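Enquirer: Residues per chain, in single letters:
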Amino acid sequence: MPWPARLSSLEGRPPDESGMARGLVGVVALAMLVVVYGFTQGFQARLVADVLLWGSIATAWNIIGGLGGYVSLASHGFYGLGAYVAGMLLLQGAFDPIPAIIVTGVVAAVFGGLVGLPVLRLRGHYLILGSLAVAEALHQITLNVRLPGMGAGGVLQLPLVGLSLESFNRYFYLLLVGLWLVSLTIFTLVRTSRMGTGLLAIRQDEDAAAVLGVPTTRYKVMAFALTAGLTAMAGSVWGMWTTHIEPGQVFGLHIMIQVLVMTIVGGIGTSLGPTLGAFIVLWLGRRAGGLQEWSALAFGVGVLLVVRMAPQGLIDVAGRTARAALARLTRSSG
Amino acid sequence: MRAAVVIQTVVNGLLLGGIYSLVALGLTLIFGVLHVINLGHGALVTLGAYTGVVFVGLTGLDPLLALPVAALFGFLIGVVIERTVVDSLIGGPLFNSAVGTLAVDMVLVTLILLVFSPTPVPLDSVLSFESFRIGPLSIPVMRLAIFVIGGALGGSLALFLRRSRLGRSIRAVQMDPEAAALQGVNVRRTYAVTFGLGAALTSVAGLMVGTISAVRPTMGYDYLLVAFIVVILGGLGRPLGALVAAYLYGMAANLSVLLVGAGWTQAIAVGILLLLLLARPQGIFKGTDV
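Line by line, the protein sequences are chains C and P. Using numbering that gives the first Met the number 0, the letters of the first sequence correspond one by one to residues 0 to 333. Using numbering that gives the first Met the number 0, the letters of the second sequence correspond one by one to residues 0 to 289.
By construction, these hints were calculated from the structure, which means they are not laboratory data. Owing to the predicted nature of the structure, the values given are computational and were not obtained by experimental measurement. Built from N, CA and C at the ideal position, the CB exists for glycine as well. Errors might be hidden in some of the hints.
[What the hints assert, rightly or not] Partial list, derived from the structure: chain P residues whose beta carbon lies under 8 Å from chain C: (1) L66; (2) P67; (3) V68; (4) L71; (5) V106; (6) S116; (7) P119; (8) P121; (9) V269; (10) L272; (11) L276.
[As the list claims (entries may be wrong)] Partial chain C-side listing against chain P, Cβ under 7 Å, derived: (12) A44; (13) L46; (14) P117; (15) H124; (16) E135; (17) Q139; (18) I263; (19) L283; (20) E292; (21) V302; (22) R307; (23) M308; (24) A309; (25) P310; (26) L313.
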């Protein structure tokens, strides 16, 4: 047996995402949303919009990766797919943004299901490579095939939706809020459903799960399809907002790296961990400002530290700290 | 299509395969023995090339003379990376090894960016622009040198793994770390040495590749995907398999460019990888029974 006996991506104790940690993050997130909606032009608004966008993508990845334990590296492929499909729908002129986003999500989910059927037969390292290849294949198609509406080098230029710049930004800000809530809801629904339990079983031992009657293929393909659909919807919103879509940008591996980093920093497999991770990563990135290289360096070292010292993510650290503090408090007062 | 063009394409493909083989040898060792997916492999390639740049800057000598330096430096860096990061990832969750090695990549590439600039640097050897002719064929000397070095290193690596004491303990650890430990093999040291050797080979590859193309901080990414294709095609931990796979892949890539155009090179690479994974994940040669 050349492989380690266990290939699943998560072992040991599940992360401690106590109700308190979840509540805390939720309240802070909602408060920020309300505050920021008042002034949707400035620095904070951009930060929150980015947190919502990346939080959605990371939450979507968390369905196949966190619950199912399948380390799929195809999110940048789905993201770019979404940007392109929605962009082309808009350019045809037959769709408004919201229907275009929904259609894109459905198209990408179907695509994810069809691709997932063969690709999810791979496990472990091979799945990592196979999913990377899926994303790169999509990238190469946009580079080499002239699709309707494409300019030179596969660039899509979209019209501005809406009237003034301010209403335009506000519109997309609200779309991102909606997207984030949809992602979070779907994740939570999956996790608390029979399918979620099945995915957790797959994560621990897929063969044993199959023997016990878990429909493993159906669950993982469904999870992959949901990840694909939600990620593509995020890509579609971003594409319509920036109106300029380039293959190298929307299919870049840096997107996937960001998602992985955010998920591990926040807490893999938890519902609000990825959003927390997105916030931490983006906020630190903004703070570093102009010092690009140094911040990237600190970032890499930080990720290594999290992987080594807190592999369950910071939401787990927060949860345990909060619980310990509460225990100390009740002990001293009682 | 004239026969000479086809023959030239096949020869070019073989020479390209020589480059790929050199880049993949270190990875087949690391991936095959440690079972950690090293997404930071590209950074090791880049590191080797910049070792050459520094060597030439300091001494003014030909970059080819930097080969031992690149190997030694690569080995040391490899051991450090293994001790500090990779060791904790072995046998652990796959997700952590993907993120951990990506972070190593990020740190290394950023360090290179901080020390050098993003602008490409030439790393020309006296042989870089030489070529000779055999009948209608034109053969660049440097590419031939890379082909030969790749073959020689692949052959010696295979011999080393089969015949030497250290090589045998590496293979023992690859098959079953626990059983190897029971037989008195120092497993942790073997892991460190294996990663070091892999990094040394990759560093040499980077230096050689640098002499035929410009040296950039992101040059390693050009070889990451191909290296994995070759390693899987050849079978994990099999240097000779990697050589044959690299030659086949190089020829396939060049012939396909002849047929459908240069824009599709990467697309074809991806297609081959997907088909390969789905049809025969154990490689085209005998399974991974090393």
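Enquirer: Hints first: check each against the structure and report whether it holds.
Expert: These are the hints, each one checked on the structure:
1. Because the beta carbon of L66/P sits about 29 Å from the nearest beta carbon in chain C, more than 8 Å, this interface hint is broken.
2. Contact between P67/P and chain C, as hinted, is not supported at the beta carbon level, the nearest pair being about 29 Å apart and thus beyond 8 Å.
3. Hint status for V68/P relative to chain C: violated, with the closest Cβ pair at about 25 Å, above 8 Å.
4. Taken as an interface hint, L71/P does not check out: its beta carbon lies about 25 Å from the nearest beta carbon of chain C, beyond 8 Å.
5. Contact between V106/P and chain C, as hinted, is supported at the beta carbon level, the nearest pair being about 4 Å apart and thus within 8 Å.
6. Hint on S116/P is violated. Least Cβ distance to chain C is approximately 11 Å, over the 8 Å limit.
7. For P119/P, the interface hint is violated, since its Cβ never comes within 8 Å of a Cβ in chain C; the closest pair sits about 18 Å apart.
8. Taken as an interface hint, P121/P does not check out: its beta carbon lies about 23 Å from the nearest beta carbon of chain C, beyond 8 Å.
9. Taken as an interface hint, V269/P checks out: its beta carbon lies about 5 Å from the nearest beta carbon of chain C, inside 8 Å.
10. A least Cβ separation of about 5 Å between L272/P and chain C falls short of the 8 Å threshold, and the interface hint therefore holds.
11. Against a cut-off of 8 Å between C-beta atoms, the interface hint on L276/P holds, since the closest Cβ of chain C lies about 5 Å away.
12. Given the 7 Å rule on beta carbons, the hint for A44/C is violated: about 28 Å separates it from the nearest Cβ of chain P.
13. Violation of the interface hint for L46/C is found here, the shortest Cβ-Cβ separation to chain P being roughly 22 Å, above the 7 Å cut-off.
14. The closest approach between the C-beta of P117/C and any C-beta of chain P is roughly 5 Å, which is under the 7 Å cut-off, so the hint is satisfied.
15. Interface restraint check for H124/C: the shortest CB-CB distance to chain P comes to about 5 Å, inside 7 Å, so the restraint holds.
16. For the restraint placing E135/C at the interface with chain P, the shortest Cβ-Cβ distance is roughly 5 Å, inside the 7 Å limit, so the hint holds.
17. Here the hint on Q139/C is kept, as its CB sits about 4 Å from the closest CB of chain P, short of 7 Å.
18. Hint on I263/C holds. Least Cβ distance to chain P is approximately 5 Å, under the 7 Å limit.
19. Interface restraint check for L283/C: the shortest CB-CB distance to chain P comes to about 14 Å, outside 7 Å, so the restraint is violated.
20. Given hint, E292/C at the interface with chain P, holds; its Cβ is 5 Å from that chain's nearest Cβ, closer than 7 Å.
21. The closest approach between the C-beta of V302/C and any C-beta of chain P is roughly 4 Å, which is under the 7 Å cut-off, so the hint is satisfied.
22. With its C-beta approaching chain P no nearer than about 6 Å, R307/C sits inside the 7 Å limit, and its interface hint holds.
23. The restraint placing M308/C at the interface with chain P is violated, with a minimum CB-CB distance near 10 Å, outside the 7 Å limit.
24. The beta carbon of A309/C is not positioned within 7 Å of any beta carbon in chain P (closest approach about 11 Å), and the interface hint is therefore violated.
25. At its closest, the beta carbon of P310/C sits 6 Å from a beta carbon of chain P; the interface hint therefore holds under the 7 Å criterion.
26. A hinted interface residue such as L313/C counts as satisfied when its beta carbon comes closer than 7 Å to some beta carbon of chain P; here the least separation is about 14 Å, so the hint is violated.
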